[in-house]
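Number of protein chains: 2
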Amino acid sequence: MDLTTLEKLKQGIETIVPTNGLEEKLKLAEKEKRPLIIKFGMDPTAPDLHLGHAVAFKKLRDFQEAGHEIHLLVGDFTACIGDPSGRNTTRPPLTAEEVKKNAQTYIDQMDKVIDTKKNVKILFNGDWLNKMTFADVIKLLGKATLAQMMQREDFANRFENNIPISLHELVYPMVQGYDSVAMNCDIEFGGRDQLFNCLVGKTLQEAFGKKEIGQTVISMPLLRGLDGVMKMSKSKGNYIGLTETANEMYGKTMSIPDDLLPEWIELTTDFTPQVKADMIADYKNGKVNPMDLKKKVAFDIARQYHGEEAAKAAEAFFYKQVQQKGFDTKEFTSVSMASLPVATQDVSLVDLAAAVHPNESKSAIRRLIESGAVSINGEKRTDPFSKLNLQKGMKIKIGKRGFYQLEA
Amino acid sequence: MDLTTLEKLKQGIETIVPTNGLEEKLKLAEKEKRPLIIKFGMDPTAPDLHLGHAVAFKKLRDFQEAGHEIHLLVGDFTACIGDPSGRNTTRPPLTAEEVKKNAQTYIDQMDKVIDTKKNVKILFNGDWLNKMTFADVIKLLGKATLAQMMQREDFANRFENNIPISLHELVYPMVQGYDSVAMNCDIEFGGRDQLFNCLVGKTLQEAFGKKEIGQTVISMPLLRGLDGVMKMSKSKGNYIGLTETANEMYGKTMSIPDDLLPEWIELTTDFTPQVKADMIADYKNGKVNPMDLKKKVAFDIARQYHGEEAAKAAEAFFYKQVQQKGFDTKEFTSVSMASLPVATQDVSLVDLAAAVHPNESKSAIRRLIESGAVSINGEKRTDPFSKLNLQKGMKIKIGKRGFYQLEA
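Sequence lines, in order, name chains A and B. Each residue of the first sequence is one higher than the one before, starting from 1 at the first, in our numbering. Each residue of the second sequence is one higher than the one before, starting from 1 at the first, in our numbering.
Please note that the accuracy of each hint is not assured.
Pairs count within a copy or across copies, as identical chains cannot be separated in the list.
Unchecked claim - Think about it this way: if two alpha-carbon atoms lie no more than 27 Å apart in a straight line, the pair counts; the simulated DSS-like pairs of lysine-lysine are:
# : residue 1 : residue 2
1 : LYS100    : LYS139
2 : LYS112    : LYS276
3 : LYS296    : LYS112
4 : LYS118    : LYS33
5 : LYS121    : LYS100
6 : LYS112    : LYS58
7 : LYS139    : LYS101
For the record, the hints were derived by calculation from the structure and aren't laboratory data. Computed from a predicted model, the values in this text were never measured in an experiment.
Construct the entire structure; sequences and hints are all you get.
Set out below in C-alpha cells:
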C-alpha cells in the first residue's frame with residue numbers, strides 16, 4: 001500500500017470505524033486488484049448545497065483521485081414516503097419526478113468540487129427497496145434488536161423523555177443499513193450524526209454474509225457556519241452556497257469570527273497540508289493579523305468555485321466597499337421588476353427583499369430588517385411589514401452584500 | 001336488541017373491551033341490518049386441539065347461532081417466515097402446503113364443536129400481507145409508536161431485563177392489527193395473552209378510517225389442564241384432545257383435582273347456565289360429593305364429542321377399571337405391528353410407546369416411563385432407552401388409560 005496515498009486519504013477525517021478500517025479496505029482492494037466502492041448518501045430533499053457539504057465532497061475527490069469509485073445514493077425510497085406518522089409536516093412526500101430533479105440539482109452543484117463524470121455512479125435505493133416484500137422486511141428486521149436501536153442517542157433520549165418514536169423511525173436505520181448490503185460498498189461516508197446508521201450497515205453486511213468484515217465508516221468534521229457557533233446549514237442562514245457569486249463568497253468569508261479560522265483553513269481551502277498547518281500555527285501564535293489569514297481563505301474559496309480572475313475581482317470589490325463605506329451605483333445588481341414574483345403595489349418590505357435576494361430565507365431576511373440592515377434608496381427600514389410600491393431605479397440594500405436596483 | 005340473546009352471548013366471557021363494546025356492535029348490526037363479522041385467529045402451527053380451544057369455539061357457536069359470521073383467520077404469512085432472528089428454533093418456517101394441511105386439520109377438529117359449513121369463512125392473511133410493499137409497511141408502522149408497543153407487558157419486561165427483542169417482533173402486533181383492517185371485522189376473539197395485539201387492531205381500524213369505533217375485543221377465561229395448575233396445553237401434556245376417545249375423555253376428566261370443578265363445569269360442559277350455577281353452588285356448599293359432580297362433567301364431555309351411547313360405555317369402562325383394578329385383555333386396543341413407524345428389532349421403549357400412543361409427546365412418554373407408569377406384558381419398565389424386540393401379542397400399558405396389544 002502506498003503510504004503517501006494513505007496519508008492523503010486520512011488527512012482531515014474525523015472518525016474512522018473501525019480505527020484500522022481504512023488500511024484494511026485499501027489492502028483488500030490491492031489484493032483483489034479492484035477499486036473500493038465508496039457509498040455517499042445524498043439527501044434529495046435538500047437541493048441547496050453549501051461549503052459544509054463541500055467538506056465531504058473534497059474527501060470523496062481524494063478517493064476518486066486515488067482510483068476508487070464513488071457510488072452516490074439517492075434515498076428516493078423514503079423521500080417519496082414522507083412522514084407516515086403525520087407529525088413531521090416539514091417533509092412532505094416528494095414525487096419520483098421531484099426526487100430526480102433534486103438529485104440532478106445536487107449533482108450539478110457537487111460537480112463544482114468533484115468531477116461527477118469520473119468513477120461516479122448514481123444509485124436510487126427505491127430500485128431495491130421497492131422490490132422488497134413484507135416477508136423480506138420481516139427477515140431484515142430479524143437481524144437487529146430493539147436494544148441495538150436504542151443505542152442511538154436520540155432514540156434513547158426521546159424514549160426516556162416520553163417523546164414519541166414512531167415504529168417506522170426505528171426501521172429507518174435498517175433501511176439505510178440494507179442499502180449498504182445492496183450496494184456492496186466497502187466504505188460509507190456519513191456525517192457525525194449518521195455514524196450509528198452507518199454502523200448498522202456494517203453489521204448488516206456481515207449478517208447477510210456480504211462481507212466478512214462489513215463496511216468501514218468515515219465521518220468528516222462538521223463545519224461551523226458564519227455565526228461561528230452552529231453547524232453550517234441552510235435553515236440557520238449561516239452558510240455560503242456553492243452557487244453564490246464570487247463577491248458573496250468572498251464577503252461572507254470575511255465576516256466569520258476569527259476563531260473559526262483554524263477549521264475553515266483546514267476544511268474549506270485547497271491549500272497543501274503544509275501550508276494549512278503553517279497558517280493555523282500563524283493564527284495560534286498571533287504572528288499574523290487574522291484579517292490577513294481571512295483574506296487568503298476568502299480568496300481561495302472564491303478561486304475554487306469561480307477561478308483566479310473572479311477571486312481577484314471579488315477581493316477588489318470587497319475593498320472598495322470597506323474603504324468607501326458607501327456604494328457605487330454600478331455595483332448594484334440590476335433586477336427586472338417584471339421578473340419578480342410580487343405585486344407592484346403595496347408589497348411588504350420582507351416580501352420584496354426576499355424576492356430580490358432569494359438566497360436568504362424569509363425569516364433570515366425579516367431578522368436582517370429588524371436589525372436595521374436593510375435600506376430602500378439609502379433610507380433604513382426596520383418594519384418588515386411596511387408596504388412599498390415598486391419604482392424603476394429603486395435601490396434595495398440587504399445586509400453587507402446584497403445591493404439591488406429595480407429596472408423596468 | 002334482544003336481551004336474552006345479549007345475555008347468552010355475554011355468558012362466560014372474561015373480558016370485553018371496551019366494556020359496552022358488545023352492545024354497541026350488536027346495535028350497529030341491527031341498525032345496518034347485517035350480521036357481525038367475528039374474527040378468530042387460528043394457529044396453523046398447532047394442529048392438535050383440546051378442550052382449552054373448545055372454550056372459545058363454544059362461544060363462537062353462540063354468535064353463529066345468533067346469526068353472525070365467523071371469519072377464521074389463518075396466519076400463514078408469519079408461519080411461512082418462521083423466526084428470522086434464528087433464536088426461536090422451535091418454530092421452523094412452514095411451507096404453504098403444510099399451513100393449508102394444518103388449517104384443514106384444525107377445521108376438522110373445530111367441526112366437532114361448531115358447524116364450520118354455516119356462516120364460517122376461512123381467510124389467509126398472506127392474501128393481503130404478501131401484496132404489501134416496503135412502502136406500505138413503513139406507512140403502517142407510522143401509525144404506532146415505540147411507547148405504545150412497550151405497553152405490552154412482555155416487551156416491557158424483556159426490555160427492562162435485557163432480554164433481546166428482535167425488531168420484527170415489535171412489528172408482529174401491527175401485522176395482527178392490520179389483519180383486522182383488511183378483514184373489516186366488528187369483534188375479535190383473543191386469548192388473555194392476545195388482548196394487547198387485539199387492541200392494536202382496534203386502533204388501526206380507527207387510524208385507517210375503516211371504522212369510527214374500532215373492533216370490540218373479547219377474551220374467554222383460560223382453562224387449566226388436568227394438573228390443576230397450568231393452562232391446558234399440548235406441550236404441558238395436561239390436556240384432553242378433541243380427537244381422543246370417549247374412554248380417554250371420561251377417564252382423564254375423572255383425574256382432575258376437585259378445585260378445578262367450578263371452571264370445568266362453566267367452560268367445558270354444555271349444561272344450561274342454571275344447571276351450571278346449581279352444580280357450582282353444590283360444590284361450594286359441600287352438599288354433593290365432588291366425585292359425583294366430576295362424573296357428570298366427564299359424562300357430558302364424552303357425550304358432546306362422541307354421543308350418549310359412547311359416553312355411557314366410557315362410564316362403564318371407567319368403573320370396570322376402578323373396581324377391578326386389573327384389566328381384561330379384551331379392553332386392549334389392537335395395534336398392527338406392520339403399521340408402526342419403528343423397526344421390529346432393538347426398538348427403544350420410548351420409541352415404541354410413542355408409536356403405539358401417538359396422542360402423547362415423546363417427552364411426556366419418557367416421563368411416564370421414568371415414573372413407573374409403563375409396563376410391557378405386565379412388567380414395569382422404567383428405562384426409556386431399554387431395547388425391545390416386537391412380538392405378536394405383546395401388551396403395552398401406558399399410564400392409566402393406554403392399553404395396547406401388538407398384532408401381526
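Index of numbered hints that the structure contradicts, given in increasing order
none
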